[in-house]
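In terms of this note's numbering, the sequence shown opens at residue -13 and continues consecutively.
It should be emphasised that the hints constitute simulated quantities derived from the structure, not laboratory data. Backbone N, C-alpha and C define an ideal beta-carbon position, used for all residues, glycine too. Each hint should be verified, as a subset may be incorrect.
To be verified - As a list, the in silico DSBU-like pairs of lysine-lysine whose alpha-carbon atoms are at most 30 Å apart:
(1) Lys16 / Lys(-11)
(2) Lys(-11) / Lys30
(3) Lys16 / Lys30
Unchecked claim - Label pairs and their computed distance ranges (CB to CB):
(4) Lys(-10) / Pro27: 17 to 27 Å
(5) Lys(-11) / Pro27: 33 to 43 Å
(6) Arg21 / Thr(-9): 13 to 23 Å
(7) Thr(-9) / Gly22: 16 to 26 Å
(8) Gly22 / Asn(-4): 25 to 35 Å
(9) Gln(-6) / Gln18: 18 to 28 Å
(10) Asn2 / Leu25: 32 to 42 Å
(11) Ser(-8) / Asn20: 18 to 28 Å
(12) Ser(-8) / Pro27: 17 to 27 Å
(13) Arg21 / Asn(-5): 37 to 47 Å
(14) Asp15 / Lys(-11): 17 to 27 Å
(15) Gln(-6) / Arg21: 14 to 24 Å
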Amino acid sequence: MSKKTSPQNNSSNQQNGNKGSSGTNTAYDKAQGNRGTQLNPNQKK
């Protein structure tokens, strides 16, 4: 398992897409997934 992420690191990770690398970080993926859910007008409330 990986070590716990501090709130400060998590905040920067959510904005960092790791452009130029072969992948993205987990915090970024989760933030973008939630963003898509919130912006989708077809979501049931």
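Each hint tested on the structure:
1. Lys16 / Lys(-11): holds, 18 Å
2. Lys(-11) / Lys30: With a Cα-Cα distance of about 35 Å, the restraint between Lys(-11) and Lys30 is violated, given a limit of 30 Å.
3. Lys16 / Lys30: Holds, because 20 Å separates the two Cα atoms, which is no more than 30 Å.
4. Lys(-10) / Pro27: 17 to 27 Å: With a Cβ separation near 36 Å, Lys(-10) and Pro27 fall outside 17 to 27 Å, so the hint is violated.
5. Lys(-11) / Pro27: 33 to 43 Å: holds, 39 Å
6. Arg21 / Thr(-9): 13 to 23 Å: holds, 19 Å
7. Thr(-9) / Gly22: 16 to 26 Å: At roughly 22 Å between Cβ atoms, Gly22 and Thr(-9) fall inside 16 to 26 Å, so the hint holds.
8. Gly22 / Asn(-4): 25 to 35 Å: violated, 19 Å
9. Gln(-6) / Gln18: 18 to 28 Å: holds, 20 Å
10. Asn2 / Leu25: 32 to 42 Å: Violated: the Cβ-Cβ distance is about 20 Å, outside 32 to 42 Å.
11. Ser(-8) / Asn20: 18 to 28 Å: holds, 20 Å
12. Ser(-8) / Pro27: 17 to 27 Å: Between Ser(-8) and Pro27, where Cβ atoms are some 35 Å apart, the hint is violated.
13. Arg21 / Asn(-5): 37 to 47 Å: violated, 19 Å
14. Asp15 / Lys(-11): 17 to 27 Å: holds, 18 Å
15. Gln(-6) / Arg21: 14 to 24 Å: holds, 21 Å
Taken one by one, the earlier hints fail for this structure at numbers 2, 4, 8, 10, 12 and 13, listed in ascending order.
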